[in-house]
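So the protein sequences, as listed, match chains A and B.
Numbering that gives the first Met the number 0 numbers the first residue of the first sequence as 0 and each following residue consecutively.
Numbering that gives the first Met the number 0 numbers the first residue of the second sequence as 0 and each following residue consecutively.
Derived from the structure by calculation, the hints contain no laboratory data.
One should not assume that every hint holds.
Chain A stretches covered by chain B per the calculated footprint, using a threshold of three residues with CB under 8 angstroms from any CB of chain B [to be verified]:
(1) 178-186
(2) 279-293
(3) 340-352
(4) 405-416
Being a predicted model, the structure only gives us computed values, none of them experimental.
Even for Gly, the Cβ is constructed at its ideal location relative to N, Cα and C.
Spelled out, the chains give:
Protein chains: 2
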Amino acid sequence: MSDAGSKPAGRLRRAPEHFVDDSLAGDIVRDGLTPTRRRFLQRSFAAASTALAAGIAGRASAAPAGASEPAGDPMILQPRPWATSLGQPVAARPYGEPSRFEANLQRRQSPGLTQTKAASVAFTPLQGLFGIITPSGLHFERHHQGWQDIDPDQHRLMVHGLVRAPKVYTMDDVMRLPSVSRMHFIECGANTGMEWGNAAVPTVQYTHGMLSCCEFTGVPLSVLLDDVGADLKRGRFVLAEGGDGSGMTRTIPMEAALSDVLVAWGMNGEMLRPENGYPLRLVVPGVQGVSWVKWLRRIKVGDAPWNSKDETSHYVDLMPDGQHRQYTSIQECKSVITSPSGGQALLDRGYFNITGLAWSGRGPIRQVDVSVDGGRNWRTARLESPVLPKCLTRFNVDWQWDGSPALLQSRAIDETGFVQPRYRQLRAVRGGRSIYHNNAIQTWQVAESGEVSNVHVD
Amino acid sequence: MSDAGSKPAGRLRRAPEHFVDDSLAGDIVRDGLTPTRRRFLQRSFAAASTALAAGIAGRASAAPAGASEPAGDPMILQPRPWATSLGQPVAARPYGEPSRFEANLQRRQSPGLTQTKAASVAFTPLQGLFGIITPSGLHFERHHQGWQDIDPDQHRLMVHGLVRAPKVYTMDDVMRLPSVSRMHFIECGANTGMEWGNAAVPTVQYTHGMLSCCEFTGVPLSVLLDDVGADLKRGRFVLAEGGDGSGMTRTIPMEAALSDVLVAWGMNGEMLRPENGYPLRLVVPGVQGVSWVKWLRRIKVGDAPWNSKDETSHYVDLMPDGQHRQYTSIQECKSVITSPSGGQALLDRGYFNITGLAWSGRGPIRQVDVSVDGGRNWRTARLESPVLPKCLTRFNVDWQWDGSPALLQSRAIDETGFVQPRYRQLRAVRGGRSIYHNNAIQTWQVAESGEVSNVHVD
Numbered sequence: 000m001s002d003a004g005s006k007p008a009g010r011l012r013r014a015p016e017h018f019v020d021d022s023l024a025g026d027i028v029r030d031g032l033t034p035t036r037r038r039f040l041q042r043s044f045a046a047a048s049t050a051l052a053a054g055i056a057g058r059a060s061a062a063p064a065g066a067s068e069p070a071g072d073p074m075i076l077q078p079r080p081w082a083t084s085l086g087q088p089v090a091a092r093p094y095g096e097p098s099r100f101e102a103n104l105q106r107r108q109s110p111g112l113t114q115t116k117a118a119s120v121a122f123t124p125l126q127g128l129f130g131i132i133t134p135s136g137l138h139f140e141r142h143h144q145g146w147q148d149i150d151p152d153q154h155r156l157m158v159h160g161l162v163r164a165p166k167v168y169t170m171d172d173v174m175r176l177p178s179v180s181r182m183h184f185i186e187c188g189a190n191t192g193m194e195w196g197n198a199a200v201p202t203v204q205y206t207h208g209m210l211s212c213c214e215f216t217g218v219p220l221s222v223l224l225d226d227v228g229a230d231l232k233r234g235r236f237v238l239a240e241g242g243d244g245s246g247m248t249r250t251i252p253m254e255a256a257l258s259d260v261l262v263a264w265g266m267n268g269e270m271l272r273p274e275n276g277y278p279l280r281l282v283v284p285g286v287q288g289v290s291w292v293k294w295l296r297r298i299k300v301g302d303a304p305w306n307s308k309d310e311t312s313h314y315v316d317l318m319p320d321g322q323h324r325q326y327t328s329i330q331e332c333k334s335v336i337t338s339p340s341g342g343q344a345l346l347d348r349g350y351f352n353i354t355g356l357a358w359s360g361r362g363p364i365r366q367v368d369v370s371v372d373g374g375r376n377w378r379t380a381r382l383e384s385p386v387l388p389k390c391l392t393r394f395n396v397d398w399q400w401d402g403s404p405a406l407l408q409s410r411a412i413d414e415t416g417f418v419q420p421r422y423r424q425l426r427a428v429r430g431g432r433s434i435y436h437n438n439a440i441q442t443w444q445v446a447e448s449g450e451v452s453n454v455h456v457d
Numbered sequence: 000m001s002d003a004g005s006k007p008a009g010r011l012r013r014a015p016e017h018f019v020d021d022s023l024a025g026d027i028v029r030d031g032l033t034p035t036r037r038r039f040l041q042r043s044f045a046a047a048s049t050a051l052a053a054g055i056a057g058r059a060s061a062a063p064a065g066a067s068e069p070a071g072d073p074m075i076l077q078p079r080p081w082a083t084s085l086g087q088p089v090a091a092r093p094y095g096e097p098s099r100f101e102a103n104l105q106r107r108q109s110p111g112l113t114q115t116k117a118a119s120v121a122f123t124p125l126q127g128l129f130g131i132i133t134p135s136g137l138h139f140e141r142h143h144q145g146w147q148d149i150d151p152d153q154h155r156l157m158v159h160g161l162v163r164a165p166k167v168y169t170m171d172d173v174m175r176l177p178s179v180s181r182m183h184f185i186e187c188g189a190n191t192g193m194e195w196g197n198a199a200v201p202t203v204q205y206t207h208g209m210l211s212c213c214e215f216t217g218v219p220l221s222v223l224l225d226d227v228g229a230d231l232k233r234g235r236f237v238l239a240e241g242g243d244g245s246g247m248t249r250t251i252p253m254e255a256a257l258s259d260v261l262v263a264w265g266m267n268g269e270m271l272r273p274e275n276g277y278p279l280r281l282v283v284p285g286v287q288g289v290s291w292v293k294w295l296r297r298i299k300v301g302d303a304p305w306n307s308k309d310e311t312s313h314y315v316d317l318m319p320d321g322q323h324r325q326y327t328s329i330q331e332c333k334s335v336i337t338s339p340s341g342g343q344a345l346l347d348r349g350y351f352n353i354t355g356l357a358w359s360g361r362g363p364i365r366q367v368d369v370s371v372d373g374g375r376n377w378r379t380a381r382l383e384s385p386v387l388p389k390c391l392t393r394f395n396v397d398w399q400w401d402g403s404p405a406l407l408q409s410r411a412i413d414e415t416g417f418v419q420p421r422y423r424q425l426r427a428v429r430g431g432r433s434i435y436h437n438n439a440i441q442t443w444q445v446a447e448s449g450e451v452s453n454v455h456v457d
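Required output: the full structure, derived from the provided sequences and hints.
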C-alpha cells in the first residue's frame, strides 16, 4: 500500500517556535537547526511505522455500512485514546485557548532591542500564521510606557480645540454612534528596522513581526468631528492623545481624519485587547502604527501640526544629505515570504507551497511576484481573496525544490503601480542611516541542507 | 460646558452578560433587568459627575505646545491612575487575553438543553460581538462526545474507498499541500431550534448563538481526491469521519466535495482550537455545522450515501405529512438583529444603531431590510464590506427611538432572490414539529421601559 506518512515532511509550521529562545536570538538558526531537524526526522519515521502497523492491525468493523467496499479496501486506522474516551464538556473553557501543542507559537520580545520591557516590542510569529487575520492574542505589541487595562466605565474621550461644542464622551456615548467595521493591516514604522544595518535577525518574526491585520470596529472620526462642530476652515490638523503614561501624541492631517480614520473599540469581533489600547484606540489605515494612538483619551482640532516628541525626535528618516524627513507616515508597498522563511528547514525535496503577505498603505495590492533565484526570474503569485485596500493580502506560489541552493524573494506591486524596491534601490534614495520605513525586498536563502536563513541581497 | 457624559447611555454592549446566569436562563429577562438597569443608571450619573469635576479641576499643563489655543478651550481631563503609573511590559502575556472587564462575555451552555455536558452546546454571545469575525475563543461549541486535544504528530488522515492509491497522511503531509484561506460562516442545523416551540429564550446568544464566522485555511478536498486518484465515475459521494469517540460520520455529495470543501487546519490565522476540531476539520461552506466533521481522520469515496446515524435519526426534518426530510443540509438565507436584542435595555430615547448579521448557504447576501413595527414598514439596511459568499454580512440601520413600544425585525435576501420567511410562511411548508433549519424572521420587542425581550410574531 502507499503511505504518504513514510516520507519525512517539511515541518514548516512548527520549526521556528521549537527552538527560538529569547536568550540567544542572534544564534538560534545555527545553534538550533541540527538537533531540531534530527528530532523531526526521527518523529516522522516513527509516525510512519505506527501508521503502517495500524494499517495491518486494522479494525474493519469500524467501517460504516453503505457504499460498496472496493476490492482490497486496505486501511482502517488503529483506535487512538481520543477515539475511545469521553472528551471535555462544552464551556469547559468559557473563553477558549489554543491547543497545548501550540504553546510555542508566541509573540516574542527581541532581546537587547530596548533598555526596558515597558518601552519595547513583542513581535507577531508570522511564520506560524495563515490567511490574513492575526489572532488577537498574537497581535504585535509596541508600548512606550507599558500597557494598561483601563476601566471602560472610568475612561473618557475629550474632543475639543477648534470646535463649536467641545464634549467629553463616555464609552457608552461613543459606542452608541454609527459604527463601521473594516479589515486593515497595522505596521510599526520601525518594522524591519534591524535589517537596515544588515543585522540579519534569524526569523521573519523578528524581521517583519511588527505587523498585524484585524477587523476593526468603531465610529468614523468624521462623525465625532461633526458631533462637536469642528471648524473645517481653520482646523487643518487633528491631535490624538493616548491615556497611558507615555502621553503619546500624534498629528493627523484633516484630510485623513475626514476620510477613513476610525475611533475604534472593536478588534476581530470583540473589544480591543488591553495591549492594543482597550477600550479605545485610533485606527489610521495605511499609516504607521504609532499614529494609531492607544487608550485614546483626547482629540483636538488645531490649525497647525503639533510637532510632538514622537514626531520630531522619533519616527523620522535621516536622509543622505543629513536632513531629517518628518511626517513620512504612510507605509509604502511591501511584502514578505512567511514560509519557507528564516529558521525553518526543508527536510526533503519536492513540492512546497511558498506563501507570504503583501500590503500597501496606499490601497489594494495589484500583484505579487516570487523569485527562487534571488531576483533573476519572477513568477506571478496566486492572490487569495478578499483583496482589500490597506489590508494584508495572502499570496501563494507552487514550488518544486530540487535540493539545490535557492534565494527566495517576493516583490509586491500596489494599485498605484508602486513596485517594492530592492535594497540598492531603496538605499539610493534613503541612504544607509535610516531606522524607519524599510520596505525593501526580503531574501531567504535555502541551503542544500534545507536550512533557511536570512541573507542580504542588494 | 457640554458634557455628553451627563446623559445615561444605552449600555447595549454589556447588559446581557452582566445578568445572564446559567442556573436560571429561562427567567433572566424578568428577574435580571430591573436591578441591572438601576445599577447602570447609577453608574452613568456617577461617571458624569466625575467627568464634570475633572473638567473643573483641570491641568492645563497637559496640553501639548503647538496649534493655537482657541478662546475658552475648556476641558483638560484629570489624570487617571493609568496615566501616572508604569504599565505592564511587552510579552507579559506571550499569548494575549481579553481585558478583565470583559470577563462576562463568554460562550454559555443552555441549561437543561441536553442530558450531558459532553454532548451539548455552548453558544456564541452574538449580542456582544462586532463585525463579522468571531473570536476563536468565543466560537460556539457542539460536541457529541466531548472535545479532545489531539497530538498533531500522532494524528492521521486516511483517504480511501473508490480510489486508485489509498493513503494515510500525517499533518505534515497535509499542510504541505497547496492551501487556500476563505471566510465562511458555520451554523448548526439546530440553531434557533428552541424557537420552533415558542420557547422564547431570553437572549440572541441562545436563539442564534450556534453561529460563528472565521477565516479558514486548508487544502481543497478536490486536491486530496486527486492525490489518491478518486474514481469520479463511480464515486458519487464522500464520507467524512471524525476521530473523537462519537465517530461522527457524514455523507458529502461529490459535487460539493469537488467545489469549495476544505480539509482545514487554520482558523482565524492560527491552528484550529481543540473545541473546533484541532488539528484537522472539514469545512463545508453553506452547509450545516454537523457536516464540518471535527478531528477529521478519514475520507472515503463511495457510490451511495452512507445513511449514518446522524443522517437518519438526527438532523432530519419532520414534515406535516409525517415524513422525515433527509439530507437538507444547506443553511437557507437568514438574519438576526444582535443589538438591540433580548435582555438588553435602552436607558433613554434618541439615536441607536440597529445592527445585526445576515447569511445564506447559497451565496452572498444581496439586501437586508429592517422593520421597527413588526413588519409593516421596512427600511433597507447598510451592508458592511466585504460581502462574501457563504459568509456573515454585518448590517446597520440608524434608529431614533421615541420611547414608544417597538417590534424590531430583520429580513435578509440572498443572491438567488430567496427572501427570509416569516414564521407563518415557514410553518405553512414545514409544519410545527421541526427541530432543525429554522430560518424565520426573529422579533425583538422594545417596551416603553426600554427593556428588550424575545417575542413571537407570526
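Now for the hints, and whether the structure bears them out:
1. 178-186: holds (count 5)
2. 279-293: violated (count 0)
3. 340-352: holds (count 3)
4. 405-416: With 0 residues closer than 8 angstroms to chain B, the region 405-416 of chain A misses the three-residue bar; violated.
In terms of the numbered hints stated before, the structure departs from hints 2 and 4, listed from lowest to highest.
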